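Turn these sequences into a full structure, and let the hints guide you.
Spelled out from the first residue to the last, the chains are:
4 protein chains.
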Amino acid sequence: MAVVEVSIIPIGTETPSLSRYVAECHRVLQKAEGVKYQLTPMNTILEGELDKILSLVRELHEVPFRAGVQRVVTSVKIDDRRDKHLTMQGKVKAVEEKLKSAF
Amino acid sequence: MAVVEVSIIPIGTETPSLSRYVAECHRVLQKAEGVKYQLTPMNTILEGELDKILSLVRELHEVPFRAGVQRVVTSVKIDDRRDKHLTMQGKVKAVEEKLKSAF
Amino acid sequence: MAVVEVSIIPIGTETPSLSRYVAECHRVLQKAEGVKYQLTPMNTILEGELDKILSLVRELHEVPFRAGVQRVVTSVKIDDRRDKHLTMQGKVKAVEEKLKSAF
Amino acid sequence: MAVVEVSIIPIGTETPSLSRYVAECHRVLQKAEGVKYQLTPMNTILEGELDKILSLVRELHEVPFRAGVQRVVTSVKIDDRRDKHLTMQGKVKAVEEKLKSAF
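Chains as they are written, first to last, in my numbering: chain S, 975 to 1077; chain Y, 975 to 1077; chain V, 975 to 1077; chain B, 975 to 1077.
Check before you lean on any hint, since a few could be wrong.
Restraint-style ranges between C-beta atoms, simulated for each label pair [claimed, not checked]:
| # | chain 1 | residue 1 | chain 2 | residue 2 | range |
| --- | --- | --- | --- | --- | --- |
| 1 | Y | 1070 | S | 1070 | 56 to 62 angstroms |
| 2 | V | 1057 | B | 1010 | 30 to 36 angstroms |
| 3 | S | 1039 | Y | 1064 | 23 to 29 angstroms |
| 4 | B | 1010 | Y | 988 | 39 to 45 angstroms |
| 5 | B | 1059 | Y | 1070 | 33 to 39 angstroms |
| 6 | S | 1070 | B | 1063 | 39 to 45 angstroms |
| 7 | V | 975 | S | 1005 | 27 to 33 angstroms |
| 8 | V | 1007 | S | 1029 | 43 to 49 angstroms |
| 9 | B | 1063 | Y | 1033 | 28 to 34 angstroms |
| 10 | V | 1057 | S | 1005 | 27 to 33 angstroms |
Taking lysine-lysine pairs in the DSSO-like style, the calculated list, with each CA pair at most 27 angstroms apart, reads [stated by the list, open to error]:
| # | chain 1 | residue 1 | chain 2 | residue 2 |
| --- | --- | --- | --- | --- |
| 11 | Y | 1005 | S | 1005 |
| 12 | S | 1072 | Y | 1005 |
| 13 | B | 1005 | V | 1010 |
| 14 | S | 1005 | V | 1026 |
Residues of chain V clear of chain B, computed beta-carbon distances all greater than 12 angstroms [stated by the list, open to error]:
| # | residue |
| --- | --- |
| 15 | 1006 |
| 16 | 1023 |
| 17 | 1024 |
| 18 | 1032 |
| 19 | 1057 |
| 20 | 1070 |
Keep in mind that the hints were calculated from the coordinates and are not lab data. Quick caveat, the model's predicted, so the values are computed rather than measured. Cβ coordinates follow ideal geometry from the N, Cα and C atoms, glycine included.
In structure tokens:
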């Protein structure tokens, strides 16, 4: 299991607004199976089997091109741990628990 | 107002766990004024006046060194918009509204 | 054609040095076909057909695990342009030419 | 000493070309003192005292706004090592030396 952050920036759009492209990516995510995801103010975070996530990211990368954009910068950050089962919830919980206890 | 994503990775730790360093960064954030923040599974997102955020990020970058780490890779992504008041909540809401309406 | 930046950070390596992992990744790149690459002080940049690059990146992501590392953070940034043939050299040249002429 | 990667993406530029903005950032860098820099196909890498670099990055972040852009996404990655003097050249050399020797 991996937790992966993705942000997709269309370049050369007429206005500074990107939300329509992010929304269209989330329509693709809504139909995807076996991958959890969370929209954040700076990116979308995915959780699941790494290769399933990466093929989904590849599909998301195409979304702005389908809307007529000619250039896209897609950033992906993979957090992949093999000694422990990594989940979005587990990562946040581990920090919150440490915050409750002394450092 | 800017929305800024920060992730701080200590290099050369003895174990793969990073949550204690993230928690210590959040202790710094808890004492900071004038900056909103949100912990996500891949980073922490800050909202506020850009220079205030960047000086806070500079402070956070030092946290692992105080814990004895010798190398730190800090990634920062700034989303800065001058035609509109940018907030964490506003960015997420803009996507959610587009998801409710046809694309 | 796409130009893709990749950086692979092993977590929990006990010492701050990462060059042995980067070198091992470059041994994989040396054997790869159809993809140009350039080592920079912060990452490695690849140029070629996007899907070929992404499967190579997937292979590079495994390199630290083979060396016994238990956690890896891999960052990938894709620059993909469909209106023009994008190359590493072309991107740098475009900037250098603009630097020679007035802005 | 730190080695820092910076990439500045203007949003809403109507055309996909970014080289004029990168060139204008490099005009600022040409006048800066005490910071070495290297243009790569995906970003610009800076080497020097961390706080000097970060204030220079802050200045570079404003460049697209001066050219009329309304939104800018600036990505910064800091590699900061306290056990060793980190330089762009030293980081690349360390990998090249390892490549020459067996792993």
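Which numbered hints fail
1, 4, 5, 8, 11, 13, 19, 20
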